[in-house]
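**Student:** So the chains spell out like this:
Protein chains: 4
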Amino acid sequence: MDKKLTGSVSITIPFHDVDPMRIVWHGHYVKYFEIARCELLKKIEYDYPQMAESGYLWPVVDLKIKYVKAIEYGDLINVTASLIEYENRIKIQYRISNESGDVITKGQTTQVAVNAKTQELEFCSPQILIDNVKEELKSYD
Amino acid sequence: MDKKLTGSVSITIPFHDVDPMRIVWHGHYVKYFEIARCELLKKIEYDYPQMAESGYLWPVVDLKIKYVKAIEYGDLINVTASLIEYENRIKIQYRISNESGDVITKGQTTQVAVNAKTQELEFCSPQILIDNVKEELKSYD
Amino acid sequence: MDKKLTGSVSITIPFHDVDPMRIVWHGHYVKYFEIARCELLKKIEYDYPQMAESGYLWPVVDLKIKYVKAIEYGDLINVTASLIEYENRIKIQYRISNESGDVITKGQTTQVAVNAKTQELEFCSPQILIDNVKEELKSYD
Amino acid sequence: MDKKLTGSVSITIPFHDVDPMRIVWHGHYVKYFEIARCELLKKIEYDYPQMAESGYLWPVVDLKIKYVKAIEYGDLINVTASLIEYENRIKIQYRISNESGDVITKGQTTQVAVNAKTQELEFCSPQILIDNVKEELKSYD
Numbered sequence: 001m002d003k004k005l006t007g008s009v010s011i012t013i014p015f016h017d018v019d020p021m022r023i024v025w026h027g028h029y030v031k032y033f034e035i036a037r038c039e040l041l042k043k044i045e046y047d048y049p050q051m052a053e054s055g056y057l058w059p060v061v062d063l064k065i066k067y068v069k070a071i072e073y074g075d076l077i078n079v080t081a082s083l084i085e086y087e088n089r090i091k092i093q094y095r096i097s098n099e100s101g102d103v104i105t106k107g108q109t110t111q112v113a114v115n116a117k118t119q120e121l122e123f124c125s126p127q128i129l130i131d132n133v134k135e136e137l138k139s140y141d
Numbered sequence: 001m002d003k004k005l006t007g008s009v010s011i012t013i014p015f016h017d018v019d020p021m022r023i024v025w026h027g028h029y030v031k032y033f034e035i036a037r038c039e040l041l042k043k044i045e046y047d048y049p050q051m052a053e054s055g056y057l058w059p060v061v062d063l064k065i066k067y068v069k070a071i072e073y074g075d076l077i078n079v080t081a082s083l084i085e086y087e088n089r090i091k092i093q094y095r096i097s098n099e100s101g102d103v104i105t106k107g108q109t110t111q112v113a114v115n116a117k118t119q120e121l122e123f124c125s126p127q128i129l130i131d132n133v134k135e136e137l138k139s140y141d
Numbered sequence: 001m002d003k004k005l006t007g008s009v010s011i012t013i014p015f016h017d018v019d020p021m022r023i024v025w026h027g028h029y030v031k032y033f034e035i036a037r038c039e040l041l042k043k044i045e046y047d048y049p050q051m052a053e054s055g056y057l058w059p060v061v062d063l064k065i066k067y068v069k070a071i072e073y074g075d076l077i078n079v080t081a082s083l084i085e086y087e088n089r090i091k092i093q094y095r096i097s098n099e100s101g102d103v104i105t106k107g108q109t110t111q112v113a114v115n116a117k118t119q120e121l122e123f124c125s126p127q128i129l130i131d132n133v134k135e136e137l138k139s140y141d
Numbered sequence: 001m002d003k004k005l006t007g008s009v010s011i012t013i014p015f016h017d018v019d020p021m022r023i024v025w026h027g028h029y030v031k032y033f034e035i036a037r038c039e040l041l042k043k044i045e046y047d048y049p050q051m052a053e054s055g056y057l058w059p060v061v062d063l064k065i066k067y068v069k070a071i072e073y074g075d076l077i078n079v080t081a082s083l084i085e086y087e088n089r090i091k092i093q094y095r096i097s098n099e100s101g102d103v104i105t106k107g108q109t110t111q112v113a114v115n116a117k118t119q120e121l122e123f124c125s126p127q128i129l130i131d132n133v134k135e136e137l138k139s140y141d
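Protein chains in written order, with my numbering: chain A, 1 to 141; chain B, 1 to 141; chain C, 1 to 141; chain D, 1 to 141.
These are computed hints drawn from the structure, not numbers from a lab. Hints are supplied without guarantee of correctness; some may be wrong.
[Claimed, not checked] The following residues of chain D were derived to be distant from chain C, with all beta-carbon distances above 10 Å:
#	residue
1	8
2	10
3	18
4	62
5	64
6	99
[What the hints assert, rightly or not] Listed next, the in silico DSS-like pairs over lysine-lysine satisfying Cα-Cα at most 25 Å (straight line):
#	chain 1	residue 1	chain 2	residue 2
7	B	31	C	91
8	D	66	A	69
9	B	31	B	106
10	D	106	D	117
11	D	69	A	64
For glycine and all other residues, C-beta sits at the position ideal for the given N, C-alpha and C.
Only chain A is shown next, with the shape it has when bound in the complex (with noise of 0.2 Å):
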């Protein structure tokens, strides 16, 4: 995968986002960078309701956050999700940048195909997906 898939938004920070400390609670980004992934699974056509439609569920099974700066309300963020593992299960690296290119925050999450009627863990990705994935990369070429 050297050309990236990648999903972007941007963000103003909310006041309802911003804890006693005047800087944004550190559980907010995990929204932050749920849009920006949605932003990704929209490209491959295979956002939640298609992950659905193809009889998959795809929890997310690991979470990890490093919070370098902090945010503080009205700031406006950059928000990019790049994807870079899907055959197996879909791992997607998030990075938060201000206005002036400063990093703010880096996350990792990783996601799992259930079938939906067995509730069974699959341990190869869907085809969908894998064909979805490697027609966009195409159209990059």
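Following the hints, complete the assembly by docking chains B, C and D onto the known chain A.
**Tutor:** For chains B, C and D alone, coordinates are given in the frame of chain A:
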């Protein structure tokens, strides 16, 4: 309805519900109301899982909140939900008080029955709700 | 106030705001209202940071929401906040519509000025708010 | 640290934490961790209010979560936070289990001391934290 069906819950305010003014952000009270409402609905065995099984959705169509006093991190509150109408819709009143018994917040929600299959609004409450409420009230005599 | 001060924002419904009924959980609308309200307050240069600088807190003391239509994951909504009172308190009305222009939700919040030092309620709005509103309205002529 | 400082809390999963897959949305676990962490910090009398009084902020700089089993609306979970490092930073491990004792989630947070005045990072923990931890551990003998 002389005898009122109620559901109550005690909640210690968590850090992540507190805003930069060091008080609970006003939108979080909707969660406190819901926790007490579900306690009430469990009493009549008609909480979310039973609603779904009975073939009805019960969206909230109206919400009103009056904020009387602010609360802070660590405060212990008591939330009481009282059923005040059920024959055509579910109308519930809420009262939040602090440890000294002071009223913190008052509120009200209205929910209507929607047929899950047809997505149509029901103008009378499903029989199961009426029966369950009457059964529960009988036990109060 | 013939000419109304308004603030508007477009929001794409994120996955984490959707409940098991596959519609936006009713409490999340309070966040959508707030994002539009802050756009309105920025126009008169009296958003949260300026409120704090001016020595006043502006807690929400009353909230009303009417839910007309449900919205789902990925829906694009427009939220408009309109200032309808400011001389003694801040009263704002909200209207959420979908891409077809259908009304989704209507609401209203009331905020009162509290002196940050004395914690006492002010029965008239601080002069800075009145001046800023008039200044902004003047530019509409 | 043979004897470990721990804080525990029981939580009944509220409806508003459940996503369209009918399981708890992965970001909400950060809240459950925090509630248990604050129970732990209260034991050593160094919870958020005491942190602020002591002149330090303790931002979370690292968060890791492993999701083992899904949980649903109404499930009763037990969340335990264990202090595993405090001399240079606060490192806490979390374990969530269900009523059958199955592990649901494991996690870890790292917090560092930041001088509230200078906004500079402290490389050793403030003496008050070290003293309070030792005092509490002494009582375990």
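**Student:** Determine which of the earlier numbered hints do not hold for this structure and return their numbers in increasing order.
**Tutor:** Result: hints 3, 10 break, sorted rising.
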